[in-house]
Amino acid sequence: MSTLAAPNLVVVVVIAVLVAGGVYLLLERSLSRVLIGIILLSNGANLFMLVVSGPPGGAPIVGLTPEEAMSDPLPQAMVLTAIVITLGMTAFLLAMAHRSWQLHQHDEVQDDEEDRRIARLAAIVPGVIPDRALPSTLDQEAAEARDETAEILEKPGDEGDAPG
Amino acid sequence: MNWLVPLPVILPLTGAGLALVFSRHPRAQRTISVVVLTLVLMVTVSLVWLADGGPLVVNVGGWAAPVGISLVADRLSSLMLSVSAAVTLCVLIYSLAQGLTDGDEETPVAIYHPTYLVLVAGVANTFLAGDLFNLYVGFEILLLASFVLLTLGGTVARIRSGSIYVIVAIASSLIFLVAIALVYSATGTLNLAHLAERLPEIDSGVRVVLQLMLLIAFATKAAIFPMSAWLPDSYPTAPAPVTAVFAGLLTKVGIYAIIRTQTLLFNDGRVDNLLMVAALATMLVGILGAVAQDDIKRLLSFTLVSHIGYMVFGISLASQIGLAAAIFYVIHHITVQTSLFLVVGLIERRGGSTSLTRLGGLAKVAPLLAVLFFIPAMSLSGIPPFSGFLGKLGLLQAGVAAGSPLSMSLVIGSVLVSLLTLYVIVKAWNQAFWQEVPDDLPESKLIGGMVGPTAALVSLGLALTIFAGPIFAYTERAAVDLRAQTPYIDSVFTRGDRGEGESPDAVNEERGRT
Chain B
6 MSTLAAPNLV
16 VVVVIAVLVA
26 GGVYLLLERS
36 LSRVLIGIIL
46 LSNGANLFML
56 VVSGPPGGAP
66 IVGLTPEEAM
76 SDPLPQAMVL
86 TAIVITLGMT
96 AFLLAMAHRS
106 WQLHQHDEVQ
116 DDEEDRRIAR
126 LAAIVPGVIP
136 DRALPSTLDQ
146 EAAEARDETA
156 EILEKPGDEG
166 DAPG
Chain R
-8 MNWLVPLPVI
2 LPLTGAGLAL
12 VFSRHPRAQR
22 TISVVVLTLV
32 LMVTVSLVWL
42 ADGGPLVVNV
52 GGWAAPVGIS
62 LVADRLSSLM
72 LSVSAAVTLC
82 VLIYSLAQGL
92 TDGDEETPVA
102 IYHPTYLVLV
112 AGVANTFLAG
122 DLFNLYVGFE
132 ILLLASFVLL
142 TLGGTVARIR
152 SGSIYVIVAI
162 ASSLIFLVAI
172 ALVYSATGTL
182 NLAHLAERLP
192 EIDSGVRVVL
202 QLMLLIAFAT
212 KAAIFPMSAW
222 LPDSYPTAPA
232 PVTAVFAGLL
242 TKVGIYAIIR
252 TQTLLFNDGR
262 VDNLLMVAAL
272 ATMLVGILGA
282 VAQDDIKRLL
292 SFTLVSHIGY
302 MVFGISLASQ
312 IGLAAAIFYV
322 IHHITVQTSL
332 FLVVGLIERR
342 GGSTSLTRLG
352 GLAKVAPLLA
362 VLFFIPAMSL
372 SGIPPFSGFL
382 GKLGLLQAGV
392 AAGSPLSMSL
402 VIGSVLVSLL
412 TLYVIVKAWN
422 QAFWQEVPDD
432 LPESKLIGGM
442 VGPTAALVSL
452 GLALTIFAGP
462 IFAYTERAAV
472 DLRAQTPYID
482 SVFTRGDRGE
492 GESPDAVNEE
502 RGRT
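Top to bottom, those sequences are chains B and R. Start counting the first sequence at 6; every next residue gets the next number (this note's numbering). Start counting the second sequence at -8; every next residue gets the next number (this note's numbering).
Note that these hints are calculated values from the structure, not bench results. We treat Cβ as the ideally placed atom computed from N, Cα and C, and that holds for glycine. Mixed in with the good hints there might be a few duds.
[To be verified] Not close to chain B: a few residues of chain R, all C-beta gaps over 10 Å, as computed:
#1 I1
#2 M33
#3 W54
#4 L135
#5 I155
#6 P227
#7 A283
#8 D286
#9 V402
#10 P429
#11 I438
#12 Q476
#13 G492
[To be verified] Pairwise CB distance ranges (calculated):
#14 R:L203 - B:V67: 35 to 43 Å
#15 B:H103 - R:V362: 42 to 50 Å
#16 B:A25 - R:G8: 54 to 62 Å
#17 R:M399 - B:A100: 25 to 33 Å
Start from the sequences, fold in the hints, and give me the full structure.
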């Protein structure tokens, strides 16, 4: 038991890679990258839960495995629940990315325009009430604020079905 | 009367299923939702009364406590449950009236009602959860429902703000999940009462790591300063009733989780100073953000962040009066913040905008609206005699009683933030309710169905003021029990180290862990 109790180094490395990759992708602007990041991250978390919650053993079914060789069934049940929940979340995020694509032809998270307007107000004319002409320039700014993925996607030149 | 405990979760979930079945019959859906939420309100109010005699515990499925899942309704839980039930019922009726007059263009009814009921069930499950994993599941239920409600209709603005909200929420849930894994590996249990017994036995360094992991997860949901930026960014674009219920309840669920873990699991006070600093930063950053805003919804979202700081302040003092005042403040804030957002929905309807520069003269055009805004707004900024003043007074007393330099600076900070809140509110009042009536004022009338629930919530806020004595006494009893821990633990483990229900002699079979 004691040799089995130590977590396998390969599994630990896999968790580290999943989490690191997940965090990196989570920091991107494109929703589909964020989505992949969340999938990686949640798999890392689930694997982590399985590894830390006890030594591996046989299937925890009475009559099939002797009691002392059983693995702990509770974390397995919890991981299953967590997987189902994350699946739902991922599906929702996927739907949002798709909707964003429908609306903007890209799936990048935009800056908050109201926030930028307040920031500009503070920077340029302190104390002056804004006029209503501002939003038009803001649309341009929001367009400029898109990050590099849009350019990469636009480069191929074909309008119809750009991303793979 | 223990059978009442699971009802706040079961009823809305059943209602959600029924509402889905009747998705083509809006009238039936509306009836189901209203009936279900009224029943939940009645159940939770009786729970408040029953829990005063000691926590009520239900072991789900008849499996005894540390093995099975337990639902616990103590004073804190049932108070939170009843206030959230009252708030959700008012908001539902408000949204019904809005949906009827707007022709449901913005809110597709077929999914609105089931989702709303699932949200209520999720909130109730979080308040009742007797173990960490059930708490996680409760969070996920309410989060998934909130995702749908926040992005109703899938407009450009809602998808933008929704994506930020969804990503932050999922990230914090994953942190919570990792924290749960760590807690399980360190202690071999997730039952809160069991953890309260086992956590003091483990290495104190490990304990601090567990505590901080859980705090980060909960603080993100509660929008405490370094993790608060998502809130003002995502709430304002949702439909008014949805923003109202989110602002009132969802952050408080995080606060509830912090109160629970700080008192039951980690009562050694090792991160109290950190919490105090976070509370001060939350208050100041939130209110300074609000000062700069021009849109009244965003302004209120920033004050929401700011006032979360007060609750964290009360929790971080870890004294009886501090905790009691924090719980009172949570109750007060749920009511007041929700009613303010509902009033803003009315302002948007009557004035045609939420931008303070475009609004004006509402006090002349709609005096009733002005009264409905004025009362919760004054309560929010802590003007006597309203409930906000009483909550803040309790917090200040607790802060002065603690007497450390940090708590004294928090006392000063909270007075300052209170003044700034007043400034923000007065600014909003001045721009929206006074000034000239703008020329392009829409010819819309206020609808009784929307004003009614708003007025009901405002009067609930007033009732909190009038009955502040008994309510404060109740929260004080809750705080005593929370700090003592034993009432909670003993009511879960009625038979030594087991709860009521079926359980084999598993105690001897527990396998040793490293």
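The hints, checked one at a time:
The beta carbon of I1 of chain R is kept farther than 10 Å from every beta carbon of chain B, the shortest such distance being approximately 19 Å. Distance check on M33 of chain R: its Cβ is at least 31 Å (rounded) from any Cβ of chain B, clearing the 10 Å threshold; non-interface status holds. Distance check for W54 of chain R against chain B: the nearest CB is about 12 Å away, which clears 10 Å, and the non-interface claim stands. For L135 of chain R, the requirement that its beta carbon stay farther than 10 Å from each beta carbon of chain B is not met, with the minimum near 6 Å.
Taking the minimum C-beta to C-beta distance to chain B, about 6 Å, the non-interface status of I155 of chain R is violated against the 10 Å cut. Under the 10 Å C-beta cut-off, the non-interface status given to P227 of chain R relative to chain B is violated; the minimum distance is some 8 Å. With a cut of 10 Å on Cβ distances, A283 of chain R falls inside the contact zone with chain B, its closest approach being about 5 Å. Distance check on D286 of chain R: its Cβ comes as close as 6 Å (rounded) to a Cβ of chain B, failing to clear the 10 Å threshold; non-interface status is violated.
Once the 10 Å rule is applied to beta carbons, V402 of chain R is consistent with being away from chain B; the minimum gap is 30 Å. With 10 Å as the threshold on Cβ separation, the claim that P429 of chain R sits away from chain B holds: the shortest Cβ distance comes to roughly 12 Å. Distance to chain B confirms I438 of chain R as a non-interface residue, since its nearest Cβ pair spans about 28 Å, more than 10 Å. The beta carbon of Q476 of chain R sits about 24 Å from the closest Cβ of chain B, which is more than 10 Å, so the claim that it is off the interface holds.
Listed as a non-interface residue, G492 of chain R keeps its Cβ farther than 10 Å from every Cβ of chain B; the least gap is roughly 17 Å. Between L203 of chain R and V67 of chain B the CB atoms are about 39 Å apart, so this pair conforms to the stated range of 35 to 43 Å. The given range of 42 to 50 Å is respected by H103 of chain B and V362 of chain R, whose C-beta atoms sit roughly 46 Å from each other. Range check, A25 of chain B to G8 of chain R: Cβ separation about 41 Å, and the 54 to 62 Å hint is violated.
As the Cβ distance of M399 of chain R to A100 of chain B is approximately 50 Å, the hint placing it in 25 to 33 Å is violated.
Of the numbered hints stated above, those contradicted by the structure are hints 4, 5, 6, 7, 8, 16 and 17, listed in ascending order.
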